[in-house]
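One-letter residues, chain by chain:
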Amino acid sequence: MIRFDYTRPGDIDAAIRSGTPVDAAYLAGGTNLVDLMKENVARPLKVVDINRLPLTGITELGDGGLRLGALVTNSQTAYNEQVQRRYPVVASAILAGASPQLRNAATNGGNINQRTRCYYFYDTDTPCNKRQPGQGCGAIGGFTRIHAILGASEQCIATHPSDLCVALAALEAKVQVTGPDGDREIAFAEYHRLPGDEPWADNTLRPGELVTAIDLPPKGFATNYTYLKLRDRRSYAFALVSIAVGLRLEEGKIAEARIAMGGVAHKPWRRREAEELLVEREPGHASFDEAARALLAGAVGQGANDFKIELGRRGIIRALAQAAAGTPQSQTDKRIA
Amino acid sequence: MSQVFTPNSELQHLAGQPIAEIATTLTINGVERQLVIEPWTTLLDLLRDKLDLIGTKKGCDHGQCGACTVLIDGTRVNACLKLAVTLDGCEITTIEGLGQDGNLHPLQAAFIEHDAFQCGYCTPGQICSAQGLINEGRARTRLEVREQMSGNICRCGAYTNIADAVLEVLESMERA
Amino acid sequence: MNAPQKVGIGTPLSRVDGVAKVTGTAKYAAEYRVPDMLYGVTVVSAIAKGRIVTLNEEAARAVPGVIDIISHLNRPKHAWFNRSWKDELKIPGEPFKAFHDDRIQFAAQPIAVVVAKTFEAARFAATLVDVKYETEPHNIDFETSLAEKFMPGVGHRRNTYHPPKDHGDAERAFGEAPLQHAAEYHLAVEHQMQMEMHASTVHWHGDGTVTIYDKVQGSQTSKELVASAFGLGEKNVRVVNAFVGGGFGGALRPQWQLHVATMAAIHLQRSVRVVMTRSQMFSHAHRPECTYQIRLGAAADGKLVAVLGDATTSTSRFESNMEDIVTWGMMNYACSNIQGSYAIAPRDTYTSADMRAPGAATGMTLFEIAIDELAYKAGADPLAFRLLNYSDIDNMNRKPFTSKALREACHEGAERFGWAKRSPEPRSMKEGRELIGWGVATGLWEANFMKTSASAKLSADGHLEVASAASDIGTGTYTVMVQVAADTLGLLPESITARLGDSDLPTAPVEGGSWGAASTGAAVQLACQTIAKKLLKAAGGVEGRPFHDVSSIDELEFAGGYMIRRGDPTRRVGLLDAMRAGGLDVIEAQETASPGIGGMISLATKARNTHSAVFVEARVDEELDQVRITRVVIAVAAGRIINPKTARSQILGGVVMGIGMALHEETAPDKTLGKWINHSFGEYHVPAHADIEDIEVIFVDEPDPEVTPLGVKGLGEIGIVSVAAAVVNAIYHATGKRVRSLPVTVDKLLAV
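Residue numbers (the working numbering), protein chains in the order written: chain A, 1 to 337; chain B, 1 to 176; chain C, 1 to 752.
Next comes chain A alone, as it looks inside the complex:
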């Protein structure tokens, strides 16, 4: 871990002033940033401790939505009564991830800003364009079990590791940010980005911008939803493939569908055309399979991760079945519903 200047601003304006230089980093729960600093991957010269900022509430929004403060911990969010009742897919996704200790420390803002778990990104003795632009990508042609099958570039095949973000993408959450140029709202689909030629940028935040809240829209798909996470062990492991689904059923048919995938791309993976394929259709294997194939269209394996395409297809079908049946995946009982 490098040496840095530590500041603990008392208000948001002061935080932004401290956090705007390119060599500054905001520190919240620390579960990702401190780890990356120990690995010598993150090397901020200024660490701005935002833990004392007033971003710790979960509040109702005028439009019927719910605002999750950026500094609310993942645990507080998952066990919040409103979140559990109205947005159970969010609670489920959080509880599918990490461990109780990590969820107790990790914040919502930190969660959406967490960085890839690519082995090569983490290991400073290997090349990585995300860590150090221009170095090349060690993963391509390397060991790619955990890497992307969709939306990758020749510069980077990393995946976004968050479970929460997959649910937020399905719900079309909005990210509230504030920064040197004032406040703005970013649609969740626009928040994370694909690697393209600038794989070092995970998201569309501008210098100094700080996530203040995540807004959940009124529609929570609380009846027909699931978060299905497939991984190498039954707990405390990142997803190989995960699927968040929200369905609205009317008279036995699907009126609206949301499907987002984790573990497969540099951002939570959604395609409206896949969801639209389900509209007006009866839930069932045929329609689910079509949607799955549409969501995975163009998927390309790197060798060791080829299996994610088929696992993803089957997982989407099962997740849709779980959601349609109203039998969401338990994050405690490891039997897959």
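Do not rely on the hints blindly, as some may be mistaken.
[What the hints assert, rightly or not] Each computed BS3-like pair below joins lysine-lysine, with the alpha-carbon atoms no more than 27 Å apart:
{"#": "1", "chain 1": "C", "residue 1": "165", "chain 2": "C", "residue 2": "27"}
{"#": "2", "chain 1": "C", "residue 1": "377", "chain 2": "C", "residue 2": "430"}
{"#": "3", "chain 1": "C", "residue 1": "748", "chain 2": "C", "residue 2": "737"}
{"#": "4", "chain 1": "A", "residue 1": "38", "chain 2": "C", "residue 2": "671"}
{"#": "5", "chain 1": "C", "residue 1": "421", "chain 2": "A", "residue 2": "334"}
{"#": "6", "chain 1": "C", "residue 1": "748", "chain 2": "A", "residue 2": "334"}
{"#": "7", "chain 1": "C", "residue 1": "27", "chain 2": "B", "residue 2": "50"}
{"#": "8", "chain 1": "B", "residue 1": "50", "chain 2": "C", "residue 2": "671"}
[Claimed, not checked] Covered by chain A, per the in silico footprint, the following chain C stretches (three or more residues, Cβ under 8 Å):
{"#": "9", "stretch": "29–40"}
{"#": "10", "stretch": "428–437"}
{"#": "11", "stretch": "683–696"}
Just so you know, these hints were derived from the structure itself, not from any lab. As the structure is a computational prediction, the values presented were derived from the model and not from experiment. Virtual Cβ for every residue (Gly too), placed ideally from N, Cα, C.
Since the structure of chain A is provided, determine the placement of chains B and C on it from the hints.
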């Protein structure tokens, strides 16, 4: 945006700079301590290296094993991922604060009775984690205990005994 | 008057070191407070093979708090000759010597250590050491390395290696067999991943002596190394490993952090601590990768007529690590035509090493998958098939066993598991979307005994201390020592202290090979018997001379603090009364347990093994191939059980690691970079709590006074052997999918 890697060549100037130390107050196992801490010191290293509270273990130093689990204001977290300076004003409980020889915490006694450890290295973290689980109050069944104790790796494989020990304490609390 | 209850061998005593462990007061290697100690953080090689060209330390040295940087350029002298690098588990070849020269032999090789006043300063400065390399071509791909496989010549083989012994004409028998099975099996590299990272705290006393707190499975093996390789001299080095946070073989050989910490301490003439990072834990010992071609032939009635095995395991380019892979299958079943071959394949990694049940965990496990496949081909129940081919003798060495209660283990395990209710067809049991499979496998490991010394000291206050330089790596050695002493002298465990983990104590081997309880226990018993003899002599001074006609302690029983005349409980003397009568303040004894002449004869003529039968229920999602291991019953035949509580734990631990071997554990190579790439606890998956459901352990009755002095066979390793086979066999029974490469990850199941 994401933090871009600062090359070594740009870091070398840091080497010669004086170290900033930050006054921090921590209440550890009920004792208030006024400390002066370098900002890059983790709570785990502070406990082990500076305060000789070696009961909190370093099993990976990256939040991937749970051996460093302590309670901060009653909530279980990985001490290895907390910079100590960020905890100014917090109350920290480590295994040394839970119970001692002659005054064992019920979890400590249950771990011994059920042989819920072998090498003992993950044990303080397991016990602090179990106390956190009890404080959270969301685990009652074996299935729930298994999942909610999954942030603590035990390479000796004492899991079934750990679940027995935690369940015994949970059940005795329910009876009480 | 009745004889008091005996408390000792066979009772489920809670671990005597339990309080220290649950209160966090048990001190591990990196936890000793040493005055004025410095912290060392090791810089490791970024390349797999080549040379260090330059090592620029300027920026690192400028970090406040940095005291020095030690590398091959300025290290203190260390021994040139390989023979001076002492190591109880020496492997033929050239031992790795940290900072020896500019050569890089494997990725993450230690190349320098930054020593500073604080850990944080050293950690930062270590990132500023700028190393330039000259790279050379490397290979860490196992498949590629097979082109270079070889069998070391006699004299260059590991002394633990047992060559396979062929019998009959296996090729011909196989060719003619009506039932044949031939397949190739594979095991990935696994790392021991003990929870405690390797650490050495060197206390530099300043008078030429050092005390080293080391993470190692034997204090005396580290002492020997340090005394010899770094020229400190035997009398000046004391190594302490009172608590060891797991070993599993990874700490059998002193690891490189000991070299690094010792060199730093010598160079600076100061106390230094060096702790590996979790990532660096992947830079040394690991279970070798293995490929194993198995051919089995059976007659129409299912009786084995041919067993052929050819295996290769991985090693480094500088040492020839060897395991017994093919022998287990040749030993375990009755078959008159058997043939085996073995080779090792070198690659540019650190040398592979022993990991829990080395050889058997690989060879027996893979063989038990093949046997299962043949059982299906024979249309037989997999358990009945094994019993049909049961061997009452060691089939390869053609020796009888001192005892073998595997048949009983099979029956008792099957009974508890409910095996009789198994539906024979694969894919025939289902609940909801989960296919259910029941698998079985049998396990085999060695019952070893090693020459070990122990001392005992009885004080006039009734306190007994027993001591040996053994180690307790979680195995329960402290507790076993107390129980054996309690049993021998009839004292309460509370009045006994066991000391171990200190090279100054009586000589003991490293903790491994499942020999600890049998060997240390026997030594403690001998020492306590000598105390008993001295007590008997002292009792001659007791008024009334109640033992005037007693000539041997065999005529006495020791219980409740008394020596009691067998058959006449009214004739008794308190141990402390005897001491007083004899004018003794303290009685001391030191003894060495060794096989003796009878033992040597038995060793030459009899096979000595532990056995197990493992039953597993796997549930596999029919579409998603997600596997849950919901139930395990393991029946173990391991002679006498000293402590059923800690013994059960050892087996539970083996089963959990076996489940990891079956489903999770794999260290993945990046072939281009020449390094293990998933080098973290986050990406090298060992079982988490949620992966482990119900496990039941049964110890079958197996009295065996011949195998070791206490009749103990040892339990540290048998628990893992063949567990992964039972899992694989259960998955096959559930799904009809046969995966022959461990671990069985979801991608492999999807591909079948």
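Evaluated hints:
1. 165/C x 27/C: It is violated: about 46 Å lies between the C-alpha atoms, which goes past 27 Å.
2. 377/C x 430/C: Holds, because 23 Å separates the two Cα atoms, which is no more than 27 Å.
3. 748/C x 737/C: holds, 10 Å
4. 38/A x 671/C: Within the cut-off at roughly 26 Å; holds.
5. 421/C x 334/A: With a Cα-Cα distance of about 25 Å, the restraint between residue 421/C and residue 334/A holds, given a limit of 27 Å.
6. 748/C x 334/A: It holds: about 20 Å lies between the C-alpha atoms, which stays within 27 Å.
7. 27/C x 50/B: The given pair, whose Cα atoms are some 16 Å apart, holds under the 27 Å limit.
8. 50/B x 671/C: violated, 42 Å
9. 29–40: violated (count 0)
10. 428–437: Held - the stretch 428–437 of chain C has 3 residues with a Cβ nearer than 8 Å to chain A, which meets the minimum of three.
11. 683–696: holds (count 7)
Going down the numbered hints, you'll see the structure goes against 1, 8 and 9, while the others check out.
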